[in-house]
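Chemist: These are the residues of each chain, in order.
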Amino acid sequence: MSEPTGVIHDIGYRHYDGVRLGRAHATLALALHSLRGVFGLGRTARAKIIPFLLAGVMMLPAVVSIAIMALIKQEAIGYTTYAVTMQAVLAIFLASQSPYTVAPDLRFRVLPLYLSRPVTLIDYVGAKLAAMVVAMFLLLAVPLTVLFVGELVIDLPGPAHTSAYLTSMAGAVAYAVLLSCLGVAIASFTPRRGLGVASVIAFYLLTSAVSTVVAATLESVNDYTAAAWAWMINPFFLVDAAVQVGLFGAAPSAPTTYPAGAGVAVAILLMLALIALSVTALVLRYRKAAAR
Amino acid sequence: MNGVIAGISYRALLGRRRIWLLIMLPVVLIGLAVLLRVIGSGGENATITLMRTFAIGTMLPLLGLIAGTGVIAPEIDDGTIIHLLAKPISRPVIAQTKFLVAASILALFAAVPTFVAAYLLVGLESGVASGFAVGALVGGVAYAAVFMLLGVLTRHAVTIGIVYALVWEGVVGNFVPGARRFSIQQWAQSIADQLSSSPFFSTEITLGFAVPALLIVTVGAVVWAGQRLRSFSLTGDE
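Taken in sequence, the protein lines are chains P and Z.
Counting in the working numbering, the first sequence runs without a single skipped number right up to 272 at its last residue.
Counting in the working numbering, the second sequence runs without a single skipped number right up to 280 at its last residue.
Bear in mind the hints are in silico, worked out from the structure with no lab data behind them.
No residue lacks a Cβ here, since even glycine has one placed at the ideal position from N, Cα and C.
Possibly wrong hints are sitting among the right ones.
As the list claims (entries may be wrong) - To list a few chain P residues with every Cβ distance to chain Z over 12 Å, as calculated:
#1 H5
#2 I30
#3 A56
#4 Y145
#5 L227
#6 L250
#7 L252
What the hints assert, rightly or not - Footprint (simulated), chain P over chain Z, 3 or more residues, beta carbon under 8 Å:
#8 70 to 78
#9 101 to 110
#10 113 to 122
#11 158 to 164
#12 172 to 180
#13 233 to 240
As the list claims (entries may be wrong) - The calculated SDA-like cross-link candidates involving lysine to any residue, where the alpha carbons are at most 25 Å apart (straight line), are:
#14 P:K268 <-> Z:L55
#15 P:K268 <-> P:K28
#16 P:K268 <-> Z:F274
#17 P:K28 <-> Z:F274
#18 Z:K129 <-> Z:V46
#19 P:K28 <-> Z:I202
#20 P:K28 <-> Z:V214
#21 P:K28 <-> Z:D120
#22 P:K28 <-> Z:N44
#23 P:K28 <-> Z:R197
#24 P:K53 <-> P:H141
#25 P:K28 <-> Z:W210
#26 P:K268 <-> Z:W210
#27 P:K28 <-> Z:E117
#28 P:K28 <-> Z:V209
#29 P:K268 <-> Z:L195
#30 Z:K129 <-> Z:V69
#31 P:K268 <-> P:F32
#32 P:K28 <-> Z:V46
#33 P:K28 <-> Z:Q236
#34 P:K268 <-> Z:H198
#35 P:K28 <-> P:L118
#36 P:K268 <-> Z:L56
The whole structure should be built from the sequences, with the hints applied where relevant.
Modeler: Structure, rendered in structure tokens:
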């Protein structure tokens, strides 16, 4: 008589009896892992070069400014103009790193693996977005804070620019949220990292070039009200107009004054609408990707 | 030149989402030209500003980046380049074919819209339209070669290309005059300047420097890419 086939043997696998940390913990772990990945931590040495190089370039104006303050006791770069001055670097960082957060998972189709855990789709998208937002905030907030600490240590004549620093920090939050949502949403539409980088930078270059050209044209026919609106096509000036100038009354960083009064409300609404649109697009994109 | 490789490269460039980026940029350029015309400030001076800042300064490097890296980087990323390299086709021929594909795409999506946009604004007046079209064509060919080489050399081709186009040609070129001598955009503008007789347009790089520089960069990049493919080793994805 032959042995029965197809018997499942007990080969000693054991159940996990430990504490199950649950959904919130898994989401937090995913966000932290993504945040580390944005800066290349836990990845190859080559992946660290670009983020840290760009972070170093972001620090340069702060360091130079502190040196100028120490030597000739004069303010060099304003807090609220920092992001606008360094917008090319911020845009390159956003373009080069936001595809990293979304592209590999889409390309290797590992989304079902994540979603078979307690993490839901919204958690996944939220974790990825949060990682990019925190990364962009750190990129901007660290130089601003270093600059402020430098100013306090050097102790310039006159009062410290505490309110300008706090305004710029609020601006940094707004910049980080808007730029990250836009960047991750655009990058999520392609599973290819290279194309994602090109799409995000194309978005930034198009908006900044279009706003410059349109505003210059409108100013040449003396339509300054419309020109002020045209500057806000560039997301950097939009945040400046909505948050730093509109809510906190800083001086504008664009070579113009922004629309006042109802214009501020419209700028804020526009910013919130852009964020909502990006998040919606991102969620819809992932619904589709998860269904495959 | 190999017809099959060219066909595959065209399909990779035009058959996916990449084509929307390639179409969007020229559409925005022509849209801006129409807007300028409608507002009524479409003089020769405004046309030249639009051409310099947008057509040559923004659109050309972006299209060069998308087309130049797009012909080869996705295949290297996927690892499907192995199938291509395993065929008995000379590797320099592969590089040359891919370069020609990228260059032809740039002629279609960069040089032609540049001519159309300038023509919409000033017609054929003082050779602005044809000058910038030829400038965009020559600059586009050089960008295609350089960015294709970058795509073969590194996985981060697009990011490095952006840093070159934005930081070196944009920011550094504005502060350090010497950096402008080593910028494809400036060489393209010299060619455009030579062909147009507009008094509003002048460049500092002489034609005697720009033409040899363009030739050396283009030919050098294609040859180097071919040599690099000959000893190509696929490294794992990070």
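Chemist: Now, for every hint given, state plainly whether the structure supports it.
Modeler: Verification of the supplied hints:
{"no.": "1", "hint": "H5", "in the structure": "holds, 27 Å"}
{"no.": "2", "hint": "I30", "in the structure": "violated, 6 Å"}
{"no.": "3", "hint": "A56", "in the structure": "holds, 16 Å"}
{"no.": "4", "hint": "Y145", "in the structure": "holds, 26 Å"}
{"no.": "5", "hint": "L227", "in the structure": "holds, 30 Å"}
{"no.": "6", "hint": "L250", "in the structure": "holds, 20 Å"}
{"no.": "7", "hint": "L252", "in the structure": "holds, 25 Å"}
{"no.": "8", "hint": "70 to 78", "in the structure": "holds (count 4)"}
{"no.": "9", "hint": "101 to 110", "in the structure": "holds (count 3)"}
{"no.": "10", "hint": "113 to 122", "in the structure": "holds (count 3)"}
{"no.": "11", "hint": "158 to 164", "in the structure": "violated (count 0)"}
{"no.": "12", "hint": "172 to 180", "in the structure": "violated (count 0)"}
{"no.": "13", "hint": "233 to 240", "in the structure": "violated (count 0)"}
{"no.": "14", "hint": "P:K268 <-> Z:L55", "in the structure": "holds, 24 Å"}
{"no.": "15", "hint": "P:K268 <-> P:K28", "in the structure": "violated, 32 Å"}
{"no.": "16", "hint": "P:K268 <-> Z:F274", "in the structure": "violated, 37 Å"}
{"no.": "17", "hint": "P:K28 <-> Z:F274", "in the structure": "holds, 24 Å"}
{"no.": "18", "hint": "Z:K129 <-> Z:V46", "in the structure": "holds, 12 Å"}
{"no.": "19", "hint": "P:K28 <-> Z:I202", "in the structure": "holds, 14 Å"}
{"no.": "20", "hint": "P:K28 <-> Z:V214", "in the structure": "holds, 24 Å"}
{"no.": "21", "hint": "P:K28 <-> Z:D120", "in the structure": "holds, 22 Å"}
{"no.": "22", "hint": "P:K28 <-> Z:N44", "in the structure": "violated, 38 Å"}
{"no.": "23", "hint": "P:K28 <-> Z:R197", "in the structure": "holds, 13 Å"}
{"no.": "24", "hint": "P:K53 <-> P:H141", "in the structure": "holds, 14 Å"}
{"no.": "25", "hint": "P:K28 <-> Z:W210", "in the structure": "holds, 21 Å"}
{"no.": "26", "hint": "P:K268 <-> Z:W210", "in the structure": "violated, 40 Å"}
{"no.": "27", "hint": "P:K28 <-> Z:E117", "in the structure": "holds, 24 Å"}
{"no.": "28", "hint": "P:K28 <-> Z:V209", "in the structure": "holds, 19 Å"}
{"no.": "29", "hint": "P:K268 <-> Z:L195", "in the structure": "violated, 35 Å"}
{"no.": "30", "hint": "Z:K129 <-> Z:V69", "in the structure": "violated, 39 Å"}
{"no.": "31", "hint": "P:K268 <-> P:F32", "in the structure": "violated, 34 Å"}
{"no.": "32", "hint": "P:K28 <-> Z:V46", "in the structure": "violated, 38 Å"}
{"no.": "33", "hint": "P:K28 <-> Z:Q236", "in the structure": "violated, 44 Å"}
{"no.": "34", "hint": "P:K268 <-> Z:H198", "in the structure": "violated, 28 Å"}
{"no.": "35", "hint": "P:K28 <-> P:L118", "in the structure": "holds, 16 Å"}
{"no.": "36", "hint": "P:K268 <-> Z:L56", "in the structure": "holds, 23 Å"}
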